[in-house]
Amino acid sequence: MLNDFRRPEAHGIATSPILRCRGVRKRFQWHDRNLSLKKSLTQAFKPGDESGSWELFSDISFEVARGEQVGFIGRNGSGKTTLLRLIAGIYPPTSGTIEVSSHRVLALLELGVGFYPDLSGKENIRLNWVFNGLRLAELADKFDDIVEFSGVRKFLDTPLKYYSSGMRARLGFSIASHADPDLLIIDEVLAVGDSEFQTKCRRRIAELCKSGTTLLLVSHNLHDVVEMCGRALWIDKGSIAYDGDSTVAVQRYLGNAA
Amino acid sequence: MIRQLQDIWRYRELLRELFLTWLKLRHAGSVLGLLWTLLNPAAFVFTYWLVFTYIIKIDIPNYATFLIPGYLAWNFTWNSAQEASRSMIESSYLITKIAFPAEILVLASVGVTLFEFLIALVLYLALAVVLGIPLYPVAGTLPILLLIHIFFTLGFSLICACGSVFFKDVPKLITIAGMILFFATPVFYPESLIPQQFAILFHMNPFAPFVACYHEVLYYGLLPGLALGLKVGLISLLFLLGGMRIFARFKPYFAEFD
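Those sequence lines, one after another, are chains A and B.
Quick note on my numbering: the first sequence kicks off at 1 and runs consecutively.
Quick note on my numbering: the second sequence kicks off at 1 and runs consecutively.
Hints may contain errors.
Derived pair list, reagent style DSS-like, types lysine-lysine, alpha-carbon separation capped at 25 Å [unchecked claim]:
1. Lys161/A / Lys24/B
2. Lys24/B / Lys122/A
3. Lys122/A / Lys154/A
4. Lys200/A / Lys122/A
5. Lys161/A / Lys122/A
6. Lys210/A / Lys154/A
7. Lys142/A / Lys237/A
8. Lys168/B / Lys154/A
9. Lys210/A / Lys200/A
Simulated from the structure, these hints should not be mistaken for laboratory data.
What you are looking at is a predicted structure, and each value in this text was computed from that prediction instead of being measured.
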């Protein structure tokens with residue numbers, strides 16, 4: 001969507017996959033802060049140079065159909081988060097292609113990113129909305145729902161720095177979940193907030209999924225994965241160890257960990 | 001390049017919101033607020049006027065009217081580069097969490113400094129009219145000059161901002177380079193004072209022709225000659241296209257580096 005490696009096709013036939021990853025390989029570069037100027041210059045201008053780098057995964061291929069809910073499980077450092085970031089378009093893959101056939105992609109990699117502490121809750125809702133590439137004209141209809149869901153109505157004109165972290169998280173989730181994304185990418189953000197808010201979030205996600213939103217979920221809460229996703233990918237040692245029914249995926253992952 | 005422009009266009013509402021937000025936050029909490037943007041150049045101009053009128057008696061009638069336009073223009077370019085670099089570094093956490101065209105950060109930064117530049121310039125012109133300082137009809141070409149100057153500044157800021165992501169030394173370098181070049185560029189002295197043996201340096205300085213244009217149009221009341229006009233046009237185009245290309249080339253690696 002943003003970079004050349006993601007070529008969105010116009011809203012295609014409903015049956016075409018919303019996401020198509022082919023042979024995705026990701027290699028990261030060490031960025032040693034103590035390098036000499038000469039060395040760091042030559043390194044920065046040779047992104048292809050593979051010395052001092054490590055490979056997170058070498059060949060990831062899968063497709064996600066429209067309206068599907070897919071969980072990603074695996075150990076810490078297995079590359080789940082990086083994979084989501086590649087799909088969200090934050091990093092380019094080292095090789096391979098990632099095609100997302102929608103412009104309404106919303107990635108919740110952290111709640112409340114892009115909030116300005118000196119701005120009021122109301123102003124932050126506006127700013128966050130446009131940061132996600134959404135039209136302000138659409139916000140007018142959604143504004144009340146966002147405020148209602150987040151439960152911060154009394155504090156709309158209060159600068160965000162006086163919000164509790166729970167309130168901030170609620171607002172962040174509320175904005176994203178009211179954006180009606182085609183593809184919703186969630187990385188572990190359900191772990192924040194109290195249990196009441198978590199229940200509310202789960203219910204909201206279930207609602208979205210029912211209305212046709214495609215969900216990609218990274219979570220260490222395996223119960224969530226089974227509950228919300230019919231399908232799960234177990235990522236292990238840089239490749240897909242299992243792709244299929246989420247219950248089976250979780251069983252295998254747990255069996256392997258034991 | 002077209003894809004880059006499309007991305008920016010898609011996020012135009014973000015650009016506007018970010019511009020307004022930064023403008024609001026820039027002087028929030030200070031008693032004098034927006035007045036600071038005028039006090040800085042005013043104090044500078046007053047000091048230089050004092051020194052060059054009473055101590056180093058420079059042979060320029062109405063020295064302040066010679067100094068002000070070129071100095072404001074100079075300030076716009078360098079403040080933009082500095083602001084753009086600062087905002088890129090400050091917003092690095094955004095770049096790793098939200099997929100949006102990072103050019104927006106540079107555009108909004110340049111927008112804020114442009115706004116301040118225009119306020120100062122308009123105020124100066126108004127003051128000139130009130131005080132009976134001659135303004136020549138050629139001042140009507142100012143909008144064209146401004147446009148060319150803005151494109152140049154945008155290109156220069158894109159390059160500086162891009163460099164700042166990879167090398168934290170760049171913002172410091174910009175400060176030092178700005179100081180040295182300020183003395184090397186005929187901003188507070190006329191071109192004619194440059195000794196013959198340094199003329200080549202003057203001709204190589206990409207900032208000099210822009211300042212010269214402001215001197216011509218607002219002080220001497222002359223239309224910049226064809227050679228000068230072509231020179232600024234060409235430099236401006238080169239910096240803008242070059243800046244956009246460099247930015248697009250390295251943008252995918254921003255998130256990885258932070």
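To see whether the hints hold, each was checked on the structure:
1. Lys161/A / Lys24/B: 16 Å, holds
2. Lys24/B / Lys122/A: Cα-Cα ~15 Å, so holds.
3. Lys122/A / Lys154/A: 11 Å, holds
4. Lys200/A / Lys122/A: 21 Å, holds
5. Lys161/A / Lys122/A: Holds - the C-alpha atoms of Lys122/A and Lys161/A are around 13 Å apart, at most 25 Å.
6. Lys210/A / Lys154/A: 31 Å, violated
7. Lys142/A / Lys237/A: Since the Cα atoms of Lys142/A and Lys237/A sit roughly 42 Å apart, the hinted pair is violated (cutoff 25 Å).
8. Lys168/B / Lys154/A: 42 Å, violated
9. Lys210/A / Lys200/A: Answer holds: Lys210/A to Lys200/A is near 15 Å, not above 25 Å.
Against the hints set out earlier in the document, violations occur for numbers 6, 7 and 8.
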